[in-house]
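Produce the entire structure from the sequences given, and follow the hints as far as they go.
Residue numbers (the UniProt record's numbering), protein chains in the order written: chain A, 1 to 515; chain B, 1 to 119; chain C, 1 to 456.
Everything labelled a hint here was simulated from the structure, so no lab data went into it. Quick caveat, the model's predicted, so the values are computed rather than measured. Among the hints, erroneous ones may be present.
[To be verified] The following label-pair restraints were derived from C-beta to C-beta distances:
| no. | chain 1 | residue 1 | chain 2 | residue 2 | range |
| --- | --- | --- | --- | --- | --- |
| 1 | B | ARG56 | C | SER340 | 56 to 62 Å |
| 2 | C | PHE419 | B | ILE76 | 47 to 53 Å |
| 3 | A | ASN224 | B | PHE57 | 47 to 53 Å |
C-beta atoms are modelled at their ideal positions from N, C-alpha and C, and glycine is treated no differently.
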Amino acid sequence: MNTITAPAIEYLQLAPLLIVFGAGILGVLVEAFAPRYLRRAMHIPLTLLSLAGAFALVIVQTIKGVPTKPSAMGAVAVDGPTLFIWGTILVLAFISLLLLNDEDHFVPAASAVPGSAEEERALIEGNVHTEVYPLALFAIGGMLLFPASNDLLIMFVALEVMSLPLYLLCGLARRRRLLSQESAMKYFLLGAFSSAFFLYGTALLYGYAGSVDLAKISTALSANVGQDALLFTGAALLGVGLLFKIGAAPFQAWKPDVYQGAPTPVTALMASGTLVAAFGALLRVFWVAIGELDWDWSPIMWGVAILTMVVGAILAITQTDIKRMLAYSSIAHAGFLLVGVVAIGDAKQNATALAAILFYLAVYGIASIGAFAIVTMVRDAGGEAWHLSRWAGLGKRSPKLAGLFAFFLLAFAGIPLTSGFFGKYAVFQAAVAGGAVQLVVVGVVASAVAAFFYVRVIVLMFFNDPAPDGPTVVLPSWGTASVVGFAALATVVLGVFPQPVLDLAQSAAGSLFVR
Amino acid sequence: MELYAPILVLAVLAAGFAVFSVSVAPFTGPKRWNRAKLDAYECGIEPTPQPVGGGRFPLKYMITAMLFIVFDIEIIFLYPWAVAFDQLGVFGLIEMVLFIVTVLVAYAYVWRRRGLDWD
Amino acid sequence: MTFLVSPVANPGPTSPGPTLADFGHDPLWISIIKAVFLFVFLMVGVLMGVWTERKLISRMQHRYGPNRAGKFGLLQTVADGLKMGLKEDLMPRKVDKLLYFLAPVIIAVPAFLAFSVIPFGPVVSMFGVKTPLQLTDLPVAVLLILAMASIGVYGIVLAGWASRSPYAILGGLRSSAQVVSYEIAMGLSFVAVFLYAGTLSTSEIVAKQADGGSFALGSLNIPLPSWYAVLLIPSFLIYVLTMLGETNRVPFDLPEGEGELVGGFHTEYSSSLKFAMFMLAEYVNVFVVSGVATTLFLGGWRAPWPISLWDGANVGWWPMLWFFAKLVLLFCFFVWVRASLPRVRYDQLMHFGWKVLIPLNLAWILMVASFRALRVDNSPLVIVLMAIVVVGALGVYFRFDTVLQRRREQRAAQEAEEFDQLRDQPTAGGFPVPALDLPHYHGATTGLNRKEVPSA
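Encoded structure:
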């Protein structure tokens, strides 16, 4: 009887993934068996320790030397960029979870009709959905796998593992329940739709190349001729799926609604982690699988990048909800990052562009978590003070908080001495070197427009009179305080002395993506 | 394909019989029109108005359906594993233990949250 | 997919029967003959089955049963069928016309199709063509049976849904929830069979049961029984339970619980040929699950032990008789169960399906697999793994058992307390209740001198 040989799996290389998923499964067990009053106390160390452990393993991996071959029979690529992205996501996830720890972001009973007696009862009984911890861990695991996956099927699975818990988490906000449920529903429907696009594109590319392996698709590009319809349709559908996840125009419609409705810590996690993961996957697909095709896709990517920057920057001006404004700002930043994706060229150029994108992702993620952390602290009677007018004069009531928020906004705008400046500078510089000068011009203009609405908020906070019944600033818990502190510190340090992280990004990007 | 052709023959036969019986039924019996006979049967009381689309039904059934899908997929993974078990050997056993344990974690969660209870 | 088609190694002198390779060579007319035979067999089988059931259950209940139409009432079912054809066919006003019309078809056709992969016998010569006594076989034959069972559920759901009546829709939902729940346990009970047979093809599973082989324990060669029903007895027992649930038969016939749901999902299908389709499908389904039990667990068409000593027992047309005998016996088992057991409550039914059968099944599968692995690879790793599985299964079982035990005791204590309270103050519950220690309450008065009151 012939035997099927067992696949070789490099467990050490995949250890960060395994730890995060394993902790997620343990979290489900905690949910199942631990008594209610113990659950949080067990979840918090489990979640944080697993993320820290995974981060430590990433560092060990980096020191031991970056693998040059895909692992797990070519299904997962743990290469330089992956390790950098993993490190970034794990740090971002860690601080998002510190934010998530705060008691009152989540609804006591998600299935109860908003405003019903059941909800009231659950509130009085002190129910908490501690399921958010395992859910977040699964989402983070998906985020880790998504940019590392070296074939399209694994990528699809990772996409779903990442997205499904996030759909749920979006619907768990404690306040403004209807908005929260609406956001979860919208995100789910649109996300399922985009996943279908992604899967259909995968099927077509499989039909074209006879494989879902990214490297094999790349080699098939030079071998197969005359099946261009399959290839182009497949690549386009795949692109739709991925661009949806990063929220690039014209697929950005979900972002403001979801960011607005989701519990703010979840928004922070999505705005940082998901964006990083989705960009990693986008880069891998577009640079590895269909990198040879750049003459065909880069004009479209130009268009998408321009549209995204313009839509993000201009629509943000009209927003009155602080979270919606930050969502549009996130769309604009996705556009700036897409400028880097277009800057493809020879290996050296690619490495420069990749390093720029990686650095940008890291600094943007940290700053946005900081900004959302501050949003959670400014409260009205009914929860967060979401309307911009409520923020008027905040600088006079609590100058420290307003100052920090202003600082994050300046980092978003890319003002020198903040980390955002170096991020933007690196990406635009790579794009200029890659010959995308016109794109950079549009990017700079869009940045200027974006700077306008950031500055407008700052003016509102510092030069307007506070409303008489203005929002209160709650005393932050140690978690929220450390998140804000860390984010502010990182933004300052990386704004003044970015070289170590830039070097790290460059050395990570130097080897490019393995095939 | 030859393997499936006989099933098609039987399918034609069975479907022909079933469709014939169902469609001939209105013509073989008598017709005695009566308004009450055409109402939904509810043991003699006035029929409850039914909304279009069947209306809402207990969520329990949807949970059962979802659990069914989870376990059905588990079965679909178990079948090829069982058939090829002798070739897979110990590696297959370890993998399947891990898989079943993972599914059982979810199962335990559902059990503890009383997803399997009916009242 | 190729590994599913592993042919049986070296058919010995007493050939274990046809394998997958013997199928797919029939000319079309042979296929048509077989299909027509199968169809007629099932139709006549249903007619006879209904009669057998009524007759048998009557004798068990000290009655005569049908004895008017034809000799021994043999034509009773034919008469009933004709009557149904001549009844008025109603199309209630509110129903969803198309689905109401299609549901009986959807439920009946898959029931027939599932029988296409049930082997009736070995290769015979049919009008000069050598062909196995089986309509066809597939590399995934058992999956076809399960798939057909699942499609049948659509018929149930759609019949209930299209009827636009609360009884029908609840009956349909209940019935489908029950069928899918038991389908999982059923699917799991097959896994151990596949572990041993190494194939999903029904004819090869029968061939594998020709000879049990032997298990070498040191220098000892212990012959193993050949039927999987004996070899894998937990699987077989679970399958027998699930086949009752899967076909909505007593004691799991809740969808038709007259007391609560009138007629269940076919409430609105009053006594015409549409209703006859549901009846037909139910009985064909009973035959299908009996056929599957025969094929997968009871050695298929192969003769049982004393007969199998005769050389000619497993060749030619004789095996059809053995198969038929096994089928009839299983059908009689259905009737026997129906005569003996009361209907279970719905929550007990679901509880049993989800909380007992599924975990038991999974634990059993892992044990069988570990045992198999020992034969493939005799490494200590397997033994350790097996030990872990067993300890884990036992641990989980005891954990739940203690919890359940505690809960049971709690409930018993609560009931006792309530009982005491009611005995002291009969009206405590708000209702006028006779004192619970009245002499005709059995067992309620342990301390008192109780005299049995004869019923008038």
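Among the hints numbered above, which are violated by the structure, and what are their numbers in rising order? 1
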